[in-house]
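K.L.:
Fit chain R to the supplied structure of chain L, relying on the hints for placement.
Protein chains: 2
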Amino acid sequence: MKIKVLESILAGNARAAEEVRELLAAERVTALNLISGPGAGKTSLLEQVVPRLQPGLRVGVLEGDIATTRDGERVGKLGVPVVQLLTNGGCHLEAALVARGLAELDLDSLDLVFIENVGNIACPAEFDLGEMAKVGLLSVAEGHDKPAKYPLLFSELSALVLGKMDLLPYTDFDMGAFESDLRALNAAAPVFPLSCRTGDGVGAFVGWIEEMCRPQLAPASAGGTS
Amino acid sequence: MKIKVLESILAGNARAAEEVRELLAAERVTALNLISGPGAGKTSLLEQVVPRLQPGLRVGVLEGDIATTRDGERVGKLGVPVVQLLTNGGCHLEAALVARGLAELDLDSLDLVFIENVGNIACPAEFDLGEMAKVGLLSVAEGHDKPAKYPLLFSELSALVLGKMDLLPYTDFDMGAFESDLRALNAAAPVFPLSCRTGDGVGAFVGWIEEMCRPQLAPASAGGTS
Chain L
42 MKIKVLESIL AGNARAAEEV RELLAAERVT ALNLISGPGA GKTSLLEQVV PRLQPGLRVG
102 VLEGDIATTR DGERVGKLGV PVVQLLTNGG CHLEAALVAR GLAELDLDSL DLVFIENVGN
162 IACPAEFDLG EMAKVGLLSV AEGHDKPAKY PLLFSELSAL VLGKMDLLPY TDFDMGAFES
222 DLRALNAAAP VFPLSCRTGD GVGAFVGWIE EMCRPQLAPA SAGGTS
Chain R
42 MKIKVLESIL AGNARAAEEV RELLAAERVT ALNLISGPGA GKTSLLEQVV PRLQPGLRVG
102 VLEGDIATTR DGERVGKLGV PVVQLLTNGG CHLEAALVAR GLAELDLDSL DLVFIENVGN
162 IACPAEFDLG EMAKVGLLSV AEGHDKPAKY PLLFSELSAL VLGKMDLLPY TDFDMGAFES
222 DLRALNAAAP VFPLSCRTGD GVGAFVGWIE EMCRPQLAPA SAGGTS
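As you go down the protein sequences, you meet chains L and R in turn. The number in the working numbering is simply the position in the first sequence, starting from 1, with 41 added. The number in the working numbering is simply the position in the second sequence, starting from 1, with 41 added.
Okay, chain L solo, but in the shape it has when bound (with noise of 0.2 Å):
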């Protein structure tokens, strides 16, 4: 007699997510998920990041949206592979998802792969994709008080990214009030306010990126692993 199991949609993404993390371990992969609110700019970031990393490192894109191919487009004109996940309506990515795009990727031939997440910094981070890193985005046009309200992201997340600093001066963003409740949820990870506009910051931001491919980008030990 079969057993009908009905699983919570996190512990089926959790198993799938363990699945996505051991062939990017097998591939030598680093995959980052970018997490923001809409419109904070994820894919502009790609646009100025992607240009910028050191030759040797092989990027690909799995570039999520609830609809239209149009960020998959502008990512496929820096010249790297990029996959357009569509969740027809899905809030977040999720891990199966994920799995069904790295397998569209030549993974052999990739380094690091980012994972452009659902604009939404409500629930994506609920959602373990089997990345290495989330990467949160928040741009100074949203306000310092976003940690704060959306905690779960902002105390997950492994870099955080300050976009749109071209428009501090014409905000009232709270430096001081935004790193102390940023601070209270998280104590580690890295600020890098970046204007995706006129470039400045990016470089920190790609250092950072590239110190996390570093076992990508050392060359292959004589002996193979163990």
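Hints listed in this document are in silico derivations from the structure and should not be mistaken for laboratory results. A portion of the hints provided could be inaccurate.
Claimed, not checked - Here are the simulated EDC-like pairs of lysine to aspartate or glutamate, each with C-alpha atoms no more than 20 Å apart in a straight line:
no.	chain 1	residue 1	chain 2	residue 2
1	R	Lys-45	L	Glu-48
2	R	Lys-118	L	Asp-213
3	L	Lys-118	R	Asp-213
4	R	Lys-118	L	Asp-186
5	L	Lys-118	R	Asp-186
6	L	Lys-45	R	Glu-48
P.N.:
Using the frame of chain L, we list chain R on its own:
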């Protein structure tokens, strides 16, 4: 023998929303469901709108957030009754929580209730709260491509506030592309460009709200409803 019924979240919500709608009709209260991404300026909009409403219009606010009572405290300073609805991680409001919030307000003494949703344009529009209308808020800092990328909200809203217009000169927001994408989804909804920093444009939106409340503002007819 009892039959276990597993109802989908959306079906359960639709039933609760119908009860909210009936309650609001019986109490002659207009409810507006305010939806935007995080940091687009929903609370700032209420801070601008509430003091401008005509004195005869009695306002209450249900303030939805994932965490903290910060926005509820801001709205409370306007001198109107406010109930903070905390989803504790949930990425949208549901009608059952709205019903509990309304039970905390003295509806007999109110004409208009703003329901400020969680900062998210991905899924809140899926959840009917029993409101009379959904009002969307998009900040120009978020970019003109949002209607096409988050179509459900933009197709369902009855009015769209285009906020942070003071930032327009410093962004790449393309008004023509925005209107074209919006009108492909929604032919009728009026658009209210405004700035909560300068107050420009707020009056027109206030006029629309008052129009939505006309039945509540009209003196009760001598014979009552037939």
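K.L.:
Determine for every hint whether it applies to the structure shown.
P.N.:
Comparing the hints with the structure gives:
no. : hint                  : in the structure
1   : R/Lys-45 - L/Glu-48   : holds, 17 Å
2   : R/Lys-118 - L/Asp-213 : holds, 19 Å
3   : L/Lys-118 - R/Asp-213 : holds, 19 Å
4   : R/Lys-118 - L/Asp-186 : holds, 18 Å
5   : L/Lys-118 - R/Asp-186 : holds, 18 Å
6   : L/Lys-45 - R/Glu-48   : holds, 17 Å
Hint check: no violations occur; every hint is consistent with the structure.
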